[in-house]
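Starting from two chains that each stand alone, build the complex the way the hints lay out.
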Amino acid sequence: MPQDVTVFITDREGATHEVQAPTDMNMNVMELVRMYELAPEGTIGICGGMAMCASCQCYVLNEVALPEMGDDEEAMLSEAFNVKDNSRLGCQIHITEDLEGLKIVLAPEA
Amino acid sequence: MIETDILIIGAGPTGLFTVFEAGLLKLKCHIIDGLPQPGGQLTELYPKKPIFDIPGFPSVLAGDLVTNLMEQIKQFQPGFTLNEVAETIEKLDDGTFIVTTNKGTQHHANAVAIAGGLGSFEPRKPILKDIEFYEHEDRGVEYFVKDPEKFRNKRVVISGGGDSALDWSVFLADIASEVTLVHRRNEFRGALDSVEKVQELKASGKIKLITPSEVVGFKGAERIESVDIEINGARMNVPTDFFIPLFGLTPKLGPIANWGLEIEKNAIKVDNALDYQTNIPGIYAIGDVNTYPGKLKLILCGFHEATLMCQSVYQRMNPGKKYVLKYTTVSGIDGFDGTRKEAEKAVVKAID
Chain Y
1 MPQDVTVFIT
11 DREGATHEVQ
21 APTDMNMNVM
31 ELVRMYELAP
41 EGTIGICGGM
51 AMCASCQCYV
61 LNEVALPEMG
71 DDEEAMLSEA
81 FNVKDNSRLG
91 CQIHITEDLE
101 GLKIVLAPEA
Chain L
1001 MIETDILIIG
1011 AGPTGLFTVF
1021 EAGLLKLKCH
1031 IIDGLPQPGG
1041 QLTELYPKKP
1051 IFDIPGFPSV
1061 LAGDLVTNLM
1071 EQIKQFQPGF
1081 TLNEVAETIE
1091 KLDDGTFIVT
1101 TNKGTQHHAN
1111 AVAIAGGLGS
1121 FEPRKPILKD
1131 IEFYEHEDRG
1141 VEYFVKDPEK
1151 FRNKRVVISG
1161 GGDSALDWSV
1171 FLADIASEVT
1181 LVHRRNEFRG
1191 ALDSVEKVQE
1201 LKASGKIKLI
1211 TPSEVVGFKG
1221 AERIESVDIE
1231 INGARMNVPT
1241 DFFIPLFGLT
1251 PKLGPIANWG
1261 LEIEKNAIKV
1271 DNALDYQTNI
1281 PGIYAIGDVN
1291 TYPGKLKLIL
1301 CGFHEATLMC
1311 QSVYQRMNPG
1321 KKYVLKYTTV
1331 SGIDGFDGTR
1341 KEAEKAVVKA
1351 ID
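In the order they appear, the protein sequences are chains Y and L. Under our numbering, the first sequence has 3 at position 3, and the numbering climbs by one with no breaks. Quick note, our numbering runs 1000 ahead of the 1-based positions in the second sequence.
Extracted from the complex, chain L is given alone in its bound form (with noise of 0.2 Å):
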């Protein structure tokens, strides 16, 4: 069991930034996210756009800002749980929860910060018909290449025209015996080198292209053996093993969605007059995932409302304890592994 006494949901920008501030109270915090590195949308959707509004920083890097952030908690420690979505919710008796995760990692904190953005990400699916039924059981279909040992010496078919379809293509190519990339276009949109990669590895007939063609439909009747595509207008079928349709991700409210919290509009209704605390008391919802009247979802009101609400988990841990704000400026950071930051003494000398 994870001990913490913030358990955050989700790391993008504002579930980094609450590290921050809960570690200049001395609470420690835990993040859990859904997709395999931290920084959430800046990282999974557009890390190299700019953005202009982050104050003090005329433009930054999506991937820059989040890459600034993790380097201003880390001495606060935070501990992460990747590629993992938080499930379940439990309160227990003396007011703190338990979260559980969809691979059964538990969580006991004092109180959990819904920092979810817009919910986690999940594939996005083909529409066809019986893909459900393939899907499940190890019966060909896969949105995710989790364990390339599982592609060994078996045919691959892949679909989709991005950077996931040309890099697993590119990765599958030595695993796989065979590895069929179906996408609906001749272009590719994905960086130069994967780009040029798949063209040299379809000269040496390592992958076989098919454009513009798609997958629509398939056979096999107690799992794929080939699947049905649409060249031209006409059919042809192709035998394989797996299939596997990268489209990007798309984020869904998920397993969250069910905890009881007051929703409304996709987004969880919070107390913006005091604290961005839920209906549950002890969970707090900041961010993008959250509403009340006159919400903007930006990144600078994230980390308004995260700095908040650490001072709403700091009453309801030290109950009647006074607490009197300091600047860092003037106090420093302690951070929990041991460094000290501060601003460099001014100096008292007399000039002759």
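Bound-form chain Y, shown alone (with noise of 0.2 Å):
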């Protein structure tokens, strides 16, 4: 039976969740953000998680297993705004065990 995995997203009204991330749904960190409505529709996973929009950035606050930046991610992070040494795209943080314990918080919607 896979583990859901603990993750706690800080909303960008300065609130903290401390959410259940399914592993076994085929999942990202912006999904697992809609499907908690820690942002409103429409501010969040514009483009459906194609890292062609930065409306799911996300600053990563402690050290936890991430895979590994992609082009597309870099090249859009080079374009967004807001953006800090630890950025990513939530769209393409795929939820695994690996995550348990994940501390984010949501950039401002830009």
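Hints were generated in silico from the structure; no laboratory data involved.
If you anchor each label on the Cβ, the simulated ranges turn out as follows:
| no. | chain 1 | residue 1 | chain 2 | residue 2 | range |
| --- | --- | --- | --- | --- | --- |
| 1 | L | K1091 | Y | E100 | 48 to 58 Å |
| 2 | Y | E37 | L | K1129 | 29 to 39 Å |
| 3 | Y | E100 | L | K1208 | 47 to 57 Å |
| 4 | L | S1331 | Y | F8 | 52 to 62 Å |
| 5 | Y | M69 | L | L1192 | 16 to 26 Å |
| 6 | Y | F8 | L | K1129 | 24 to 34 Å |
| 7 | Y | M69 | L | P1319 | 57 to 67 Å |
| 8 | Y | Q20 | L | R1152 | 51 to 61 Å |
| 9 | L | K1265 | Y | E18 | 17 to 27 Å |
| 10 | Y | Y36 | L | D1064 | 32 to 42 Å |
| 11 | Y | A65 | L | K1208 | 38 to 48 Å |
Ideal Cβ placement from N, Cα and C applies to all residues, glycine included.
Set out below in structure tokens:
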């Protein structure tokens, strides 16, 4: 039985939510935020998860093994706003058991 | 004044397919879209990406799907108002509507179908102090190159790393007196030949490339006189007449949000038990722009919604008339342009 992992997500209003992320539903972090409705529809995942809009940009707060950044993600982040060294696109982070304890903050809506 | 039966707002796949279903019912359509070409997100965001859940197409490129839809609807001669955003709506006493765009084009229609997807695409604006001041009244910040002549013999700083930044740099290199391209990385994301062109123009001194860097501020009392550019932690000042940030487009619901429609989660609430009508009779919302219990934002759902909506408009325009469903295979398609498509007749012939 695949285990859910716990992820801590701070929304754009500053509230932190502890959520259970399923590892067996082929989901990514952007979809996780939508599943728990932590950001209004239409303000996150606008491109559907193609690394083409940066509406799911988040800041990673702790050292958790994340998938390496692909070319698309890197290029998008190079054009996005409010980018920091710990910026990632939620849609490019696949939910696996490696994510246990991940802490992220959603970047402001740009 | 443009006259039509159904005014469609949004030329994405749902809006385009509406023309087909309306055409079968002999209803005429006109489409408004803020982008210069039809296709919506499919053309603007991901024309080269495959879609795998269009029934009957194991895989189809988004751009090809739009081309096919345009071919499928052409005999119903839809009108287009492109590059304009629907801004205001007025309901007349007879129940019809007048929709006016941001450029003042007026459309008179019996029914309005909002197929606006995620909304109209607006430029993504960099967060910079005073940028709002300079973007008005020709003070030097431009988000589009609408009239290239405006930049003739002027100095231009373009910021961005995608296709539009590359393409406009190449284009303006021949017009402007000076083109500076600023990007946060050394790598650009664009079509190979655009990247190579910029490389060539850089070598010949026609484009000045400053990377990895970004524009961090402006100088100028009345209008822009120069921009401050940060490069590797250091600052430099580049005199310029225009600053053109090209960071792509992002969809916003826009003026439709003020039409008195019931909105929930950035989408328009509709009656999904019947005909996808909004709280205002005669205004419908179909495709990604609407919401109802169980809504899925899928192209194939938009097609279904468009089909049922057209039936409702037919009833609205022909009250009391009984509609009998006809299959295109049986009855063929009669275009408004006089063309006819029909199944080939079977041959009745004895075989000796």
